[in-house]
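Trainee: Protein chains in written order, with our numbering: chain A, 54 to 633; chain B, 54 to 633.
No lab work stands behind these hints, which were simulated from the structure alone.
Incorrect hints may appear among the rest.
In this list, chains with the same sequence are indistinguishable; a pair is considered to hold if it fits within one copy or across any two.
Below 27 angstroms or equal to it, Euclidean Cα-Cα: the simulated DSSO-like pairs (lysine-lysine) are [stated by the list, open to error]:
hint, residue 1, residue 2
1, K164, K600
2, K164, K609
3, K610, K65
4, K201, K273
5, K442, K177
Here is how the chains run, residue by residue.
There are 2 protein chains.
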Amino acid sequence: MDNILRINMSAKGGPEITIKPADTYAGLGGRAMTSTVIADEVPATCHPLSEDNKLVIAPGMLSGSPAAMSGRISVGCKSPLTGGIKEANSGGQPSQVLARLGYAAIVLEGKPADDSLYKIFINKDGVKISVDNSLRMLGNYDLIDKMKAEYGDNIACISIGPAGEMKMAAASIAFTDMELRPTRHAGRGGVGAVMGSKGVKVIVLDDTGMSMRQPQNPEKFKAANKVFVEGLRKHPVTGQGLPAYGTNILTNVLNEAGGYPTMNFRYGQFAGAAKISGETQAALENSRGGEGAATHGCHRGCVIRCSGTFYDKNGRFLTKQPEYETVWAHGGNCGIDDLDAIAQMDRMDDDFGLDTIEMGATIAVAMEGGIARFGDAAAAISLLQEVGKGTYLGRILGNGAGVTGKVFGVERVPVVKNQSMPAYDPRAVQGIGVTYATTPMGADHTAGYAVTANVLGVGGNVNALKPEGQVELSRNLQIATAAIDASGMCLFVAFAILDQPDTFQALVDIIGAFTGQETTADDIIALGKSILTRERDFNARAGFSSKDDRLPDYFKKEVLTPHQVTFGVSDNELDQVFNW
Amino acid sequence: MDNILRINMSAKGGPEITIKPADTYAGLGGRAMTSTVIADEVPATCHPLSEDNKLVIAPGMLSGSPAAMSGRISVGCKSPLTGGIKEANSGGQPSQVLARLGYAAIVLEGKPADDSLYKIFINKDGVKISVDNSLRMLGNYDLIDKMKAEYGDNIACISIGPAGEMKMAAASIAFTDMELRPTRHAGRGGVGAVMGSKGVKVIVLDDTGMSMRQPQNPEKFKAANKVFVEGLRKHPVTGQGLPAYGTNILTNVLNEAGGYPTMNFRYGQFAGAAKISGETQAALENSRGGEGAATHGCHRGCVIRCSGTFYDKNGRFLTKQPEYETVWAHGGNCGIDDLDAIAQMDRMDDDFGLDTIEMGATIAVAMEGGIARFGDAAAAISLLQEVGKGTYLGRILGNGAGVTGKVFGVERVPVVKNQSMPAYDPRAVQGIGVTYATTPMGADHTAGYAVTANVLGVGGNVNALKPEGQVELSRNLQIATAAIDASGMCLFVAFAILDQPDTFQALVDIIGAFTGQETTADDIIALGKSILTRERDFNARAGFSSKDDRLPDYFKKEVLTPHQVTFGVSDNELDQVFNW
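Please construct the entire structure, taking both the sequences and the accompanying hints into account.
Mentor: Now the structure itself:
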């Protein structure tokens with residue numbers, strides 16, 4: 054992982070490939086890499102779809118090594134959705150494969166002069182880029198089938214669907230999973246539109262002949278990894294809850310806590326929650342059977358295995374087990390309580406290359422605007438079809454909740470920095486509200502998952518309904534998360550490291566043993582802070598101010614049932630999040 | 054003009070009317086009134102379509118008096134287009150009539166609980182507001198016919214068309230002219246959407262039984278007014294050019310100067326300019342004949358009479374003489390050189406209640422996005438029809454160039470603060486570029502019309518192609534304009550007062566004689582500064598920073614023909630505009 058691959062799509066005579074040592078970026082991984090390259094090289098005021106923007110794809114610092122859980126990959130750019138810096142993060146196989154191929158990052162630069170569509174093939178022998186207009190407007194599933202036919206089964210793919218080609222601000226980038234299906238996505242912020250603007254449809258990776266990255270201190274690494282894995286296995290969330298029920302175990306939890314955003318954040322509880330809960334979903338998946346039904350991993354080296362496989366009524370593969378946020382977005386947030394319909398929309402999002410959270414939030418805003426009725430699953434599916442087809446209505450929806458709210462004159466649009474809020478109402482989970490408001494990413498639960506101490510009793514307890522303590526909670530989580538996103542570790546390791554000091558120390562030791570450098574907890578914190586500082590600096594240069602670190606006004610005025618609560622963290626407090 | 058009429062549309066049991074003395078707002082008119090009320094009373098972070106926003110309609114300080122040219126009216130709110138403070142300004146009859154009825158402002162507050170549509174009738178006996186759902190989705194022309202049938206001919210109307218009801222960000226508010234036609238518009242910034250969000254379709258004014266507002270010092274007033282009118286008559290622009298050819302005299306001038314934005318600001322000259330110039334237009338209008346053909350005023354008391362009347366090929370009234378910016382927006386900016394097609398679009402905009410500048414700029418962006426071909430007049434007309442119908446495509450376009458660019462993934466979108474640039478390319482007319490960038494209104498030529506010294510040789514000469522001197526030019530014009538917009542004077546008086554010290558002094562004297570207070574030129578400048586300061590303070594509270602006082606990046610990179618020039622005023626210089 055010593056090299057950076059750059060492809061200049063603007064070059065005269067066609068794309069120009071440069072492979073050079075990482076140099077000043079050496080040692081950076083994941084979000085540390087993407088945010089540093091974007092902050093250093095992209096003019097903050099450029100148009101996100103212009104030749105001045107760059108798309109950076111970077112495996113985590115530990116990716117491609119024997120470290121458990123290290124298969125996350127980061128995608129960075131100036132976001133077409135938020136107008137600020139973006140890191141979107143995905144599981145799947147490509148992180149491990151790209152790291153083993155020796156690349157610390159792929160950087161797509163410039164913009165082709167015509168509208169040719171390119172594919173990129175990377176293996177041990179180097180990098181090839183070629184025009185392939187036969188791929189135009191293919192869904193991710195058909196695209197991957199085509200790549201398999203062309204390059205065989207020992208590949209991993211990074212690709213966009215029609216949404217990315219149409220440069221929609223809700224377009225994702227798909228990463229194939231262990232079964233070579235495009236089910237894992239860098240979903241948020243429209244990173245797929247930036248890949249589309251670069252004219253790149255797919256990056257095919259084949260690490261045949263390459264080997265695993267080896268730690269500098271193998272003994273210490275092996276020992277630390279063992280403690281780390283044990284820690285994950287013994288924690289109730291990562292050892293039991295997530296494997297058995299997946300992330301969707303949260304539906305009942307959030308609904309009981311009164312923080313389950315229902316029908317476009319109108320209510321805090323959903324009458325149909327039990328019908329779409331993780332427990333119901335796991336039972337359904339198990340009853341339908343099939344390989345990897347209710348417990349499955351998204352990449353090799355995963356020991357939590359929070360995922361699963363969703364087969365349809367006839368036992369045919371439909372999609373991976375939809376995540377909690379997806380089930381919420383296409384489910385409760387639209388008043389829909391039909392798991393099969395939700396799974397179908399999950400499949401459509403993956404195929405079109407769309408962020409499930411943004412799409413569910415957008416359809417709910419469209420429903421509030423009178424385009425369809427809340428609870429009408431068939432209507433929601435047909436709205437999503439419009440997006441895939443790129444009809445005028447589809448173009449509106451595919452550009453997210455903010456644009457949809459503007460087009461239909463809807464006032465209640467739950468976005469921060471124009472990115473839709475995920476599956477936790479910030480009035481009833483005020484810590485996550487602080488994260489939504491202040492993270493440089495726009496509303497994002499993964500940027501500082503305060504649901505831990507607010508609702509799950511992980512890493513302490515902070516009353517979810519009151520403003521006290523939320524700023525400190527979110528601050529610490531945002532710092533830790535930025536570091537984890539740099540490491541390549543799955544964020545779910547946080548449950549165990551927050552509660553178990555030994556597991557946290559084991560992670561620190563894994564990093565130290567891998568790099569061969571003395572590493573302490575303070576170093577991890579310093580890394581997290583440096584990433585956030587860089588991101589906020591980019592956003593400031595792009596025109597963001599403290600006024601952008603706010604929830605929409607109505608969350609401070611409109612009372613949420615059942616707790617009769619509004620968002621209570623003051624503007625002054627929000628402005629303290631990054632005063633460390 | 055001692056009272057402020059407030060109507061609270063949120064009140065339980067229906068709208069609540071309050072008429073009270075202007076109190077702390079006494080003496081303010083036009084933009085001084087609207088911007089002060091908005092800055093003082095509207096929470097800067099509120100949603101523009103929420104109950105917290107207010108719509109303020111205020112006649113100028115001199116409106117309703119015998120002062121020549123004093124018929125301008127200001128509309129203020131937080132703009133749904135820019136997200137900042139907005140003053141949009143119109144000619145027509147209502148300013149004089151409302152002032153004579155004794156109102157310094159109408160303030161629409163709150164928001165009705167249901168979607169009933171209201172009409173408001175104001176005469177000497179008071180104010181009536183009633184539900185009239187029969188008006189729903191009427192075009193402004195049919196609406197005014199209905200009002201005439203109901204209230205007789207001695208009325209003046211303030212209304213919205215379907216675009217305002219649909220809360221489109223390009224929706225205007227129409228003001229009837231001397232012929233009781235809805236041809237004058239507070240066009241910019243989506244003020245019509247705010248009126249629509251308040252549920253008010255039309256305000257009908259009847260000043261029967263009321264008399265002209267009288268100056269405190271009638272002798273001094275009369276003398277000053279005489280000098281003022283003479284000054285306007287002897288200046289070549291206001292005395293000859295504008296009456297003979299209307300504002301569209303500028304087509305040839307800007308085209309020759311290489312600053313005529315052609316095909317979405319791609320070129321600085323248009324091959325078809327001669328076919329749509331003011332000279333051609335005046336000849337066409339004269340050849341078709343009819344009342345008020347090539348020279349006509351928009352309100353009583355106008356001595357410039359820059360307008361005219363456009364009859365179609367069969368001699369039937371089609372629309373008022375389209376303004377230069379309209380002819381440009383629907384003409385050269387879309388590559389269209391057909392005056393009849395342009396006039397038809399002008400009529401459609403007036404009828405649907407749309408800003409002609411925003412719509413022309415938006416259609417050009419849609420053309421750049423591949424939705425229609427540049428130069429295709431029939432396609433442009435049909436796009437505009439979509440807007441009136443409120444189809445999905447129409448909803449996109451009706452929300453302006455910014456949203457349209459996002460939806461169709463277009464990079465070259467000529468907006469500042471999300472408002473479309475008007476008919477002067479900022480690369481070839483750099484002073485107007487400074488105004489576009491820095492005015493609190495979003496790109497707006499009327500906020501500081503540097504075309505004067507840049508191109509017309511009025512008020513001095515500043516080389517249009519170079520950055521030197523542009524900041525000072527724009528600053529002085531922005532200050533003067535804010536004061537003129539408060540006075541109720543038509544901005545076209547500026548040509549004469551910039552060149553003729555006597556005419557400027559006469560205007561100062563008119564104001565002093567009217568109010569009975571000692572007034573100097575310094576007072577006028579202080580008034581202008583205070584308005585701008587208030588507006589910028591609101592925008593800062595709404596989240597605007599210096600980064601919003603910028604042109605899109607591509608104006609600094611993309612060279613404009615024929616002068617091979619880019620926008621050269623630096624960011625540092627732009628930040629000096631309000632350092633007075």
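Trainee: With 27 angstroms as the alpha-carbon cut-off, assign the pair K201 and K273 to within, between, both or neither.
Mentor: Cα proximity of K201 and K273: none, with 39 angstroms in one copy and 89 angstroms across.
Trainee: Could you place K610 and K65 in one of the four classes (within, between, both, neither) given a Cα distance threshold of 27 angstroms?
Mentor: Between copies, since 19 angstroms is at most 27 angstroms while 55 angstroms is not.
Trainee: Cα distance capped at 27 angstroms. Does K164 pair with K609 within a copy, between copies, both, or neither?
Mentor: So K164 and K609 pass the 27 angstroms test across copies only (18 angstroms; inside, 43 angstroms).
Trainee: First find the shortest C-alpha distance between K442 and K177 inside one copy, then the shortest across copies, and answer within, between, both or neither for a cut-off of 27 angstroms.
Mentor: neither (37 angstroms within a copy, 58 angstroms between copies)
Trainee: Since the copies are identical, ignore which copy is meant and state whether K164 and K600 lie within 27 angstroms (CA to CA) inside a copy, between copies, both or neither.
Mentor: Close across copies (25 angstroms), not inside one copy (33 angstroms); limit 27 angstroms.
The earlier numbered hints that this structure contradicts are 4, 5.
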